[in-house]
Amino acid sequence: MIAAHVFDAALAVLVLGVAIWTVTAGPAFAAVIGFVAYGLLLALVWVRIAAVDVALTEAAVGSGVTGALLISAAARLRPTEQRAAAEQPGPALRFAAAALAVLVAAGLAALVLFPAEPAPTLAPAAAAHLQALDVGNPVTAVLLAYRSLDTLLEKVVLLLALMGVWSLAPDRFWGGAPKLWPGGQRGGELTLLARLLPPIGIVIGVYILWVGAVAPGGAFQSGAILAAMWLLVMIAGLQKAPEIGQWRLRLILVAGPAVFLAVGLAGFALPNGFLSYPEEYAKPLIIAVEVVLTLSIAAILGLLVAGPPESERQR
Amino acid sequence: MRVLLDLVTIIAVAAGALFIMAGTVGLLRFPDSLSRLHALTKADNLGLGLIVLGLLPQSQSLSAMLKLVAIWLLAQLAGATVTQLVARAIRRDGQPV
Amino acid sequence: MAEFLTAAAAFVLAMVALGLVRILRGPANADRMMAAQLLGSGGIAALLLLAVGTETPAAVDAALTLALLAAFAAVAFASSVPRSGAGERDATDR
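Residue numbers (the numbering used here), protein chains in the order written: chain A, -19 to 295; chain B, 24 to 120; chain C, 2 to 95.
You can trust all of the hints, since none of them are fake.
With a straight-line cut-off of 20 Å between C-alpha atoms, the simulated SDA-like cross-links for lysine to any residue are:
{"#": "1", "chain 1": "B", "residue 1": "K90", "chain 2": "A", "residue 2": "V183"}
{"#": "2", "chain 1": "A", "residue 1": "K263", "chain 2": "A", "residue 2": "L275"}
{"#": "3", "chain 1": "B", "residue 1": "K90", "chain 2": "A", "residue 2": "A193"}
{"#": "4", "chain 1": "B", "residue 1": "K90", "chain 2": "C", "residue 2": "T57"}
{"#": "5", "chain 1": "B", "residue 1": "K90", "chain 2": "A", "residue 2": "I182"}
{"#": "6", "chain 1": "B", "residue 1": "K90", "chain 2": "A", "residue 2": "V191"}
{"#": "7", "chain 1": "B", "residue 1": "K65", "chain 2": "C", "residue 2": "A18"}
Which chain B residues stay away from chain C? Per the calculated CB distances, all over 10 Å, these:
{"#": "8", "residue": "M24"}
{"#": "9", "residue": "L27"}
{"#": "10", "residue": "P54"}
{"#": "11", "residue": "L85"}
Read the hints as simulated data drawn from the structure, not as lab findings. A virtual CB, placed ideally from N, CA and C, is assigned to each residue, including glycine.
Starting from the given sequences, assemble the full structure and let the hints guide the process.
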């Protein structure tokens, strides 16, 4: 189809152009805008190469959580931006970086343009077992059944990242509340948006979680959407960031990986071993794990953007 | 019947694309930020609405149609409110209006 | 029909590209914030046209997510935009 090729070519040129602009943009804030635009366009690219799950994640994380995180970082770095911009790397370093980038790009291009014949793939094997799991989306089956160990470890890594962010706080602030960036404006429109969008966003998030069983979607995308809605409420000032010392908050954060781990350990009681699901309970178990995981992911991502605590604990 | 639906789709999508082009022309040619914002919001959202209208006859089920309409409503709501926010930021920035 | 819809998607993408060039060039930060809105409406239009034109129904869900999060991105930009030019506001005045 000619139109599809034209679309793809235009999209490729646009993505490259925005990427180049982002890299060469001067002030940090402009570069962040370019990065978010680049992420949203990349979501289109993922749709075009039939990876809609990744497209959902790119849209949710790239413009939601990561965008907010970068803006917050740019705001904190603003006092030193002038001095940082004055430090330029020397020509040797630039040449080495360019050579490395060209090498990686050439390697990837070779892999894509000249694949081994026949291209190695596990798709038939993955599709063969979907019936037994009663799951329609192969990506969800891979994430939560075939390679569930990877998913479990990734969620633990998210928790560790959060602890890393928290550890940036001075000792006296441990257990206190983070501050989102100082709100530029507290207008009526922001409050209106923060009251209207989150309920819609929660419905969309739950929908994406639920549809992830049979169509692109899943726990991580849903968690990212919910995190973005929570951040919206905090940005508008309708709710303060929670104190990180509260046990309820910590329970939510840990519940996802903990339930996942418990389900995995329960697999020892059955003949198949760690993280194996019993035949009849596979789908309910997967759903239960996904629901709790979504809440944890939403909380973790929201707190990652909120940053380290910056006030004392109110006790 | 099929031909009629396809005709509606073609006309509506073409009209929507036309409005998006008009919005882009405004974006490129208007002299200051606020009028560019105006062109972007009004024309592009109208174009989106016409495109959604044109895609409705091509949907396979009622729920698919409702989903399209829901997306359009969300885009309208978000677009209208966010425009006010951006306009306020533009005015605060001190650009000559 | 499918060809026409995909062609329309390509056209909308070209318009978005032109708009982005103008917006990202805009002299003030406040101009650049409009990128989120442009992608929010133009990107959704392109995705919806693609969804029907290339028979990828899941792209409609991607358009839904894009609509929601482009709005969020615009809010994040608008509520933290620094004044461009002389006299940057210090971000640490809490």
